[in-house]
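A.B. asks: In case you want the letters, here they are:
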Amino acid sequence: MLRPQVWKKVRARAPVIGLAALLLAGCQTVPSTLPVAEPRPAAACSWPLGEQAPRALLGDAVAALEAEGFLIRHTDLALGLVSAERTRILPGYGDRYDRWDRRGVFGGIGGGRGGVSSGVMIGFGGVGSLTRDATQLERVSLLAGEGEVRVSRDIQVIDWRGELVEARSASTTEFCRGLRDAIEAGGRP
Amino acid sequence: MSRWLAVSLLALLLAGCATSPAREPPRELDFAYAPEATLRASAQVLMANGYVVRHADAELGRLEAVFSRWPGYRVRVEVSGEGERSRVSLTASRGGRPLPPQTLDRLLVEMQEQLGMWR
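For the protein sequence lines, the chains are L and P, in the order given.
Read in order, the letters of the first sequence correspond to residues 1 to 189 in this note's numbering.
Read in order, the letters of the second sequence correspond to residues 1001 to 1119 in this note's numbering.
Heads up, some of the hints might be wrong.
To give a feel for the contact side, a few chain L residues facing chain P, derived at Cβ under 10 Å [stated by the list, open to error]:
no. : residue
1   : V30
2   : P31
3   : L34
4   : R40
5   : D76
6   : G80
7   : L142
8   : G147
9   : S152
10  : R168
If you are wondering where the hints come from, they were derived from the structure by calculation, not from laboratory data.
In this text, a Cβ means the ideal position worked out from N, Cα and C, and glycines have one as well.
Working from the sequences, and respecting the hints, build out all of it.
C.D. replies: Structure follows, in structure tokens:
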């Protein structure tokens, strides 16, 4: 049993202690398990290999991915794996999200220089819209073996500052069906 | 007294943020399957969960997969062994910081199931 005076002291500090516990707990937000894609990869992203040898399919898969503009990053024939990526510029992506920023640039220059030169302002606007394009990075892996072909894909969008603004898993029916059709057509578009 | 309390509170707070060790031990398990089959099973299970395999080499016995969700997840699989025995060693990171080994338990269970289906 605590003596009443000690208890009173502890009670007086309770909010501080509680706050400290909360703060420390905030530092420890580690997930208990690895994340999985939600929604799950589409059923079209896995199909039977059939009679075809995995190696022949991988050759067609490399050709099909390259025809789609992908850069092959890595292949491993023993496992039956192809890993590829594709980047694409998304023009004006930043404009949709950073209106306030752009106005800041105009306001800052305009306010600072007064009416000295409108040419400077137009020049800045032009550069801004060029550099504010975001880059979309699409990563794909394909595994063939054990009588099955499986595809997974994700998409990241990196803005003009080099920051990751969008990251999602994208093993969609549309993409996987398109890739399967291209592979079955022998990798030629 | 109150200053002492504030200083110790701050020290505790900072310590709490810094206790995540630079390296977590890998999650390891022995499988009664050939190393190549075990590595293929890890690729199959990771891809079925939406992960993209960036690099895998059967001879080196290693695989690296990523998951696209902020702040970015990465899983590394290392397989050693010979014949019908293999030892799997898994590590994962979230935003560049290592994740505790127990987060990888489900992946090992799913790999076991996958290998059982192939046999």
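A.B. asks: With reference to the structure, classify each hint as holding or not holding.
C.D. replies: Going through the hints against the structure:
{"no.": "1", "hint": "V30", "verdict": "holds, 6 Å"}
{"no.": "2", "hint": "P31", "verdict": "holds, 6 Å"}
{"no.": "3", "hint": "L34", "verdict": "holds, 6 Å"}
{"no.": "4", "hint": "R40", "verdict": "holds, 7 Å"}
{"no.": "5", "hint": "D76", "verdict": "holds, 5 Å"}
{"no.": "6", "hint": "G80", "verdict": "holds, 8 Å"}
{"no.": "7", "hint": "L142", "verdict": "holds, 9 Å"}
{"no.": "8", "hint": "G147", "verdict": "holds, 9 Å"}
{"no.": "9", "hint": "S152", "verdict": "holds, 4 Å"}
{"no.": "10", "hint": "R168", "verdict": "holds, 6 Å"}
Hint check: no violations occur; every hint is consistent with the structure.
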